[in-house]
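Q: These are the residues of each chain, in order.
Protein chains: 2
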Amino acid sequence: MTAPQDNPLPKLGIIAGGGALPARLASAAQTAGRAVFVVKLDGHANDADLDAYPNVTARLGAAAKILDAMRTNDCRDVVLAGKVKRPSFSAMRPDWRAAKLLMKVGMKALGDDGLLRLVGEELEREGFRLVGAHEILTDLAVPEGVLGKVSPDDQAMTDAKHGLGVARILGQADVGQGCVVQQGLVLALEAIEGTDEMVRRSAQYRRDGVGGVLVKSSKPQQDKRLDLPAIGLTTVDEAHQAGLRGIALLAGGTMIIDREAVIARADALGMFIIGLRDADGKDGHGV
Amino acid sequence: MTAPQDNPLPKLGIIAGGGALPARLASAAQTAGRAVFVVKLDGHANDADLDAYPNVTARLGAAAKILDAMRTNDCRDVVLAGKVKRPSFSAMRPDWRAAKLLMKVGMKALGDDGLLRLVGEELEREGFRLVGAHEILTDLAVPEGVLGKVSPDDQAMTDAKHGLGVARILGQADVGQGCVVQQGLVLALEAIEGTDEMVRRSAQYRRDGVGGVLVKSSKPQQDKRLDLPAIGLTTVDEAHQAGLRGIALLAGGTMIIDREAVIARADALGMFIIGLRDADGKDGHGV
Numbered sequence: 001m002t003a004p005q006d007n008p009l010p011k012l013g014i015i016a017g018g019g020a021l022p023a024r025l026a027s028a029a030q031t032a033g034r035a036v037f038v039v040k041l042d043g044h045a046n047d048a049d050l051d052a053y054p055n056v057t058a059r060l061g062a063a064a065k066i067l068d069a070m071r072t073n074d075c076r077d078v079v080l081a082g083k084v085k086r087p088s089f090s091a092m093r094p095d096w097r098a099a100k101l102l103m104k105v106g107m108k109a110l111g112d113d114g115l116l117r118l119v120g121e122e123l124e125r126e127g128f129r130l131v132g133a134h135e136i137l138t139d140l141a142v143p144e145g146v147l148g149k150v151s152p153d154d155q156a157m158t159d160a161k162h163g164l165g166v167a168r169i170l171g172q173a174d175v176g177q178g179c180v181v182q183q184g185l186v187l188a189l190e191a192i193e194g195t196d197e198m199v200r201r202s203a204q205y206r207r208d209g210v211g212g213v214l215v216k217s218s219k220p221q222q223d224k225r226l227d228l229p230a231i232g233l234t235t236v237d238e239a240h241q242a243g244l245r246g247i248a249l250l251a252g253g254t255m256i257i258d259r260e261a262v263i264a265r266a267d268a269l270g271m272f273i274i275g276l277r278d279a280d281g282k283d284g285h286g287v
Numbered sequence: 001m002t003a004p005q006d007n008p009l010p011k012l013g014i015i016a017g018g019g020a021l022p023a024r025l026a027s028a029a030q031t032a033g034r035a036v037f038v039v040k041l042d043g044h045a046n047d048a049d050l051d052a053y054p055n056v057t058a059r060l061g062a063a064a065k066i067l068d069a070m071r072t073n074d075c076r077d078v079v080l081a082g083k084v085k086r087p088s089f090s091a092m093r094p095d096w097r098a099a100k101l102l103m104k105v106g107m108k109a110l111g112d113d114g115l116l117r118l119v120g121e122e123l124e125r126e127g128f129r130l131v132g133a134h135e136i137l138t139d140l141a142v143p144e145g146v147l148g149k150v151s152p153d154d155q156a157m158t159d160a161k162h163g164l165g166v167a168r169i170l171g172q173a174d175v176g177q178g179c180v181v182q183q184g185l186v187l188a189l190e191a192i193e194g195t196d197e198m199v200r201r202s203a204q205y206r207r208d209g210v211g212g213v214l215v216k217s218s219k220p221q222q223d224k225r226l227d228l229p230a231i232g233l234t235t236v237d238e239a240h241q242a243g244l245r246g247i248a249l250l251a252g253g254t255m256i257i258d259r260e261a262v263i264a265r266a267d268a269l270g271m272f273i274i275g276l277r278d279a280d281g282k283d284g285h286g287v
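Note that the protein sequences, when read in sequence, are chains A and B. Positions 1 to 287 (full-length UniProt numbering) are the ones given, in order, by the first sequence. Positions 1 to 287 (full-length UniProt numbering) are the ones given, in order, by the second sequence.
It is worth saying that the hints were derived from the structure and are not from the lab. Watch out, some of these pointers could steer you wrong.
Unchecked claim - Incomplete in silico selection of chain B near chain A, CB under 7 Å: (1) 145; (2) 146; (3) 147; (4) 173; (5) 175; (6) 186; (7) 189; (8) 191; (9) 192; (10) 193; (11) 205.
Remember, it's a predicted structure, so these values are computed and weren't measured experimentally. Using N, Cα and C, we set each Cβ at its ideal position, and we do this for glycine too.
Given the sequences, and given the hints that come with them, work out the whole structure.
A: The structure is reproduced here in structure tokens:
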């Protein structure tokens with residue numbers, strides 16, 4: 001084994017989907033003196049942000065190539081981050097390795113996160129250590145309580161709690177983890193369209209009177225080391241434009257990307273951001 | 001009491017929301033020799049279809065007016081039918097009667113169907129007999145099995161069953177009862193936007209390969225005498241345009257409006273329509 005003083009932190013492999021998170025992780029790891037290697041998922045990863053780091057591009061279905069790249073580049077720790085849209089079987093063009101994996105599980109019954117879990121399990125079987133994004137960027141996780149200067153009123157809290165219950169129920173079925181609730185009414189449910197799209201849609205169905213709340217949760221069975229639901233600056237802006245009054249997040253079960261900026265933006269717009277535990281007292285840690 | 005030969009069937013009161021169903025009920029009742037009186041819900045009911053029958057228009061919030069109209073017109077049997085969009089409290093402008101009712105329940109926590117249940121209960125408390133639309137138009141209810149000439153293949157059946165599970169879970173939370181599933185992936189979930197809107201949206205997220213399935217269920221706690229989820233000709237057309245291969249309906253827990261025409265259209269488009277029981281063997285009868 002290498003002496004710790006020569007190599008204090010093992011190299012970090014980043015399997016990168018869409019959004020800002022993968023580049024944030026790469027930057028945070030490097031700042032902490034850690035070498036990184038990035039596998040950019042073709043059609044998902046943001047090339048412009050990631051080309052500053054050693055990288056290779058691979059299709060989601062190219063399991064052998066991804067595993068080889070991680071091994072050749074000596075990445076023992078691997079983090080999966082960023083949005084990945086599950087393609088159809090044919091669009092995925094699985095290599096022999098991916099095909100074998102998919103056969104084992106059966107593509108037919110594979111939910112949205114099932115694919116991610118599969119990749120995570122395979123990495124561990126191959127001897128890699130799966131690391132959660134929140135272990136690299138420790139301010140990603142959402143704590144309990146009001147995060148900014150604005151607090152929800154009674155109606156907003158009722159809506160937030162109702163939405164959290166609905167979102168958790170959705171999660172049980174391995175579908176979306178978000179919804180918009182206004183005055184007790186669920187205006188929109190998130191499937192695979194993504195949070196921003198759902199928020200925009202909700203504006204068409206809003207009622208008169210006080211605005212609604214965006215609620216994000218995670219699935220009860222969600223592996224926290226895989227991609228947790230995340231919000232960022234865009235989410236706050238979209239929510240504001242849709243007439244929402246705030247955002248409620250499952251404490252410990254969701255992430256905020258660019259926390260300081262997100263809270264400052266919400267404050268400026270007069271919106272609240274709150275971390276809530278489940279009705280049964282659970283947070284996203286599954287304890 | 002009036003002699004049966006003079007008045008074989010008591011007059012039917014129809015509280016009419018949107019869509020084609022209220023007029024179908026009025027016509028079927030009249031054909032059966034039954035007098036009807038219609039309360040057209042302002043902003044919801046289809047005036048053109050209903051003005052052929054004795055009627056009055058009332059706001060959804062005008063509970064006293066609705067009850068008085070039913071009583072004055074000697075309607076002992078009352079059916080609630082057609083889509084009703086729950087307005088905000090202020091837009092509803094409740095009269096004293098409706099306000100009293102709403103106070104009792106609390107507007108805050110009132111889900112989408114909560115309002116309908118409330119109206120149903122109040123009618124019964126006032127001595128009316130609540131009748132289900134399927135008791136007037138007996139071919140509305142969906143039986144088990146393939147209804148047309150086209151049968152779902154294995155993938156479509158897997159999608160249909162998955163969707164039924166998801167839709168029932170949604171129903172537990174008193175939110176929508178529909179979803180679109182393609183190759184195991186839930187493309188869209190229905191909240192209050194309505195089935196047609198959800199189906200149109202799903203087309204944006206469809207994957208390559210075989211098309212998906214529209215699934216409609218009812219809520220486990222749904223009172224069958226109140227408005228059950230329904231599909232009609234428009235639904236079939238929208239589903240076809242969105243690239244879906246068929247429609248799966250909870251047997252006994254959903255309705256088809258214009259059954260013969262709907263099946264003929266589906267056959268012509270090469271689409272299947274199937275009535276399914278729940279995974280646990282239950283149908284919508286709650287037995």
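Q: Take the hints in turn and mark each one as holding or not.
A: Hint-by-hint comparison with the structure:
1. Violation of the interface hint for residue 145 of chain B is found here, the shortest Cβ-Cβ separation to chain A being roughly 22 Å, above the 7 Å cut-off.
2. The restraint placing residue 146 of chain B at the interface with chain A is violated, with a minimum CB-CB distance near 20 Å, outside the 7 Å limit.
3. Annotation: interface hint on residue 147 of chain B violated; nearest CB of chain A at approximately 24 Å, more than 7 Å.
4. At a threshold of 7 Å, the smallest CB-CB gap from residue 173 of chain B to chain A is about 5 Å, leaving the interface hint in force.
5. The beta carbon of residue 175 of chain B comes within 4 Å of a beta carbon in chain A, closer than 7 Å, and the hint placing it at the interface holds.
6. Evaluation of the residue 186 of chain B hint against chain A yields a held restraint, the C-beta minimum of about 4 Å falling below 7 Å.
7. Interface restraint check for residue 189 of chain B: the shortest CB-CB distance to chain A comes to about 4 Å, inside 7 Å, so the restraint holds.
8. The closest approach between the C-beta of residue 191 of chain B and any C-beta of chain A is roughly 5 Å, which is under the 7 Å cut-off, so the hint is satisfied.
9. Contact between residue 192 of chain B and chain A, as hinted, is supported at the beta carbon level, the nearest pair being about 6 Å apart and thus within 7 Å.
10. The beta carbon of residue 193 of chain B comes within 6 Å of a beta carbon in chain A, closer than 7 Å, and the hint placing it at the interface holds.
11. Restraint check, residue 205 of chain B versus chain A: the minimum CB separation of about 6 Å is within 7 Å; hint holds.
The structure fails to meet hints 1, 2, 3 from the earlier list, while all remaining hints are met.
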